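Counting in this note's numbering, the sequence shown runs from 879 upward without gaps.
A few of these clues could be false.
Label-pair restraints from in silico Cβ distances [claimed, not checked]:
| # | residue 1 | residue 2 | range |
| --- | --- | --- | --- |
| 1 | Tyr-1307 | Thr-1073 | 20 to 26 angstroms |
| 2 | Gln-1085 | Trp-1055 | 19 to 25 angstroms |
| 3 | Asp-915 | Gln-1345 | 36 to 42 angstroms |
| 4 | Asp-1487 | Asp-956 | 37 to 43 angstroms |
| 5 | Gly-1278 | Gly-933 | 29 to 35 angstroms |
| 6 | Gln-1085 | Gly-1466 | 40 to 46 angstroms |
| 7 | Asp-954 | Val-1082 | 21 to 27 angstroms |
| 8 | Asp-954 | Leu-1071 | 25 to 31 angstroms |
| 9 | Gln-1156 | Pro-1367 | 39 to 45 angstroms |
In silico SDA-like pairs for lysine to any residue, Cα to Cα no more than 25 angstroms straight-line [claimed, not checked]:
| # | residue 1 | residue 2 |
| --- | --- | --- |
| 10 | Lys-1457 | Arg-1172 |
| 11 | Lys-1185 | Asn-1397 |
| 12 | Lys-1457 | Arg-1486 |
| 13 | Lys-955 | Gln-1345 |
| 14 | Lys-1434 | Arg-1486 |
| 15 | Lys-955 | Arg-1127 |
| 16 | Lys-1414 | Gln-1476 |
| 17 | Lys-1382 | Pro-1203 |
| 18 | Lys-1104 | Thr-1465 |
| 19 | Lys-955 | Trp-937 |
| 20 | Lys-1104 | Gly-1024 |
| 21 | Lys-1457 | Arg-1341 |
| 22 | Lys-1062 | Asp-1102 |
| 23 | Lys-1185 | Val-1234 |
| 24 | Lys-955 | Gly-1024 |
| 25 | Lys-1434 | Pro-1415 |
| 26 | Lys-1457 | Gly-1444 |
| 27 | Lys-1185 | Lys-1382 |
| 28 | Lys-1457 | Gly-1170 |
| 29 | Lys-1434 | Ala-941 |
| 30 | Lys-1185 | Pro-1367 |
| 31 | Lys-1185 | Leu-1196 |
| 32 | Lys-1382 | Val-1399 |
| 33 | Lys-1457 | Asn-1397 |
| 34 | Lys-1477 | Ala-1441 |
| 35 | Lys-1382 | Gln-1049 |
| 36 | Lys-1382 | Val-1447 |
| 37 | Lys-1062 | Ala-1052 |
| 38 | Lys-1434 | Asn-1449 |
| 39 | Lys-1382 | Asp-1058 |
| 40 | Lys-1434 | Asp-936 |
Everything labelled a hint here was simulated from the structure, so no lab data went into it. Predicted model, so just to flag it, every value in this text is computed and none were measured. Idealized CB from N, CA, C, for every residue including glycine.
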Amino acid sequence: MPFVNKPAILARVIAIMVLVSLLIVAVTAFIERNTFDRLDDLNGPTEVSHISDQGRSDWNRFASGEPSRLAILLTDKDSAWLGLAHGLKSIGVPFTITDDVAEATRHNVVLVYPLLSGRTLDDAGRTALRRHVEAGRTLIATQVLGGGLHDLFGFETTLESRAHHSITFEQAPALGWISDPHEKTVLLGQPDLPTSWIGTQTYVNAQQVLARFEDGSAALVRGDNKAGGSAYALGFDLGFFIMRAHNDRNDQGYRAYANGYEPSVDVWLRWLRAVYRQHEPQAVTIGSVPQGQRLAAVVTFDVDYVKSMGNLLAYRDLLVREGIPATFFLQTKYYRDFQDEGFFNDRTLAAMDALVAAGMEIASHSVSHSDIYASLPLGDGSEQYPTYQPRVRALGDTQGATVMGELRVSRFLLEQLTGRSVVSFRPGYLATPPRLPEALAASGYRFSSSATAGNLTTHLPFRTNTQRMYSDETTVFEFPIAIEDEIPPIMDQRVEEAVELAEKLARYGASYVMLLHPNEVDHKYRFLEQILPRLKPFAWFGTMSQYGSWWAARDKVEVDVLAQRGQIVLNVQAQEPIKDLVFELPTGLRPVSGSAMQKLSDGRWLFRDIPAGTIMIDLHH
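Let the hints inform the model, and build the full structure from the sequences given.
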């Protein structure tokens, strides 16, 4: 009789089959389990990270320099002068800062900041500025409020306001480099958010208006005299404007968050550079891209998903074929939680090893990838693996995480497992805590790529500030993100737009950081296949740490043009060695034959290898 007619036997058979199935599942799970043996012996970092109290950067650090530089005459030491300093460093204009009118007027081009009035400058100082312009030299001033110099700038009176959000440039020969609509009109704040608008000054009955606020009133004016002198008046606090954008505190005062051209800060820096080069016969400026190229391109990947780990080698192979190094921001996720399984484990770390072997940079993308990283507690700087155990319970709910813990533990694990220094960081969701800059510095990082260029309204790297405020700088540099992969349309459908953006940025030596998530090998892969060959003819490619190290060394370069023993001399001072730095020399001057400088096709000069110290190069007509 068939056993199916015997219930007891059937039950036993079913039970055995279930047990066998469970055993198979258990064995399979055991074989394929995520093990963390490579992490077992790790414990650290053992040293404590200390964040120093906020201080105030000293403007006297910028007080040296020859008369060939732009001079900033500081009329308020508590102002946002760091915004000007950081911006001019980014655009490559050499400058000096002084509070002495006599010292400032040794220079052909003087920028009075932040205010020009009878309250900020005495009669003798204002008279000296008048004589400076009457002698055929140049004065730039922000927020001209009084002091009896209005005729010098060519207007009758000043009206103060908080009713402006944008400025549009007029057609003028000196502004011929302005061509894009987003260059012609720049934002001071979010048009739909009046609380984001900054204080402005309009200049009434101006003789020459170079730019106007949206209501037609004069925002930038110029006065000229028969001796050839010029005086420019700008109707807002330029240093504060730059610093507010750098600190990501401009209340979304942009037109495109990402994947678009948003140069509101860069236009003003380019304008200052143009005025300086126009009015200073010995003007020399420093290039912003290595090797004399026009664009600094950095390919970056955010690895924050288990399936992404399996795609890393495909992207590595593409990059190797193109001869381009890239930066991989890795989340060191060594546990399972609401978001994903623990994918930073023995099974996946081989892919990281392969990236290192191929010359790619490994950087930190935090431990937990928390969506509320911006509001996490700072931490005490003693967090270490394995006791640091953050968990994302749900969106908006992260437990056991700190700002410092995410930085310290991820960097420690990556350095221990790669044997390489980890100096670059990007937070999950681009969530930036107020104290991220100094937390990065305290944790050993040097470079951050934590915000989009649209959000910051600049496509140029810059030095960050403590607490993302206005008075104290850090050692960390920020590299804005130009291209990201999540805003529609899909990436291979916007290659032309991405190339067009790169070409716009190449006009002034900006950066072009691309952010991709390697969660698939489809449209993002095809995007890279198509765009990399298109960019190669005019772009330099490197990792975040390569570009960052070069940029940090460039930030410490000082350059002057001076007369010495009847000879015009280029004086270059470098605090550390730097390679492939470009200079634009004064019009009509060139190095004597036999110098170490190489002329480029566009007339600029490339210095291949600058050692630490001072180099003097004779120039001639």
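**Study point:** Numbered hints the structure breaks, given as an ascending list
**Key:** Violated: hints 6, 25, 26, 27, 32, 33, 36.
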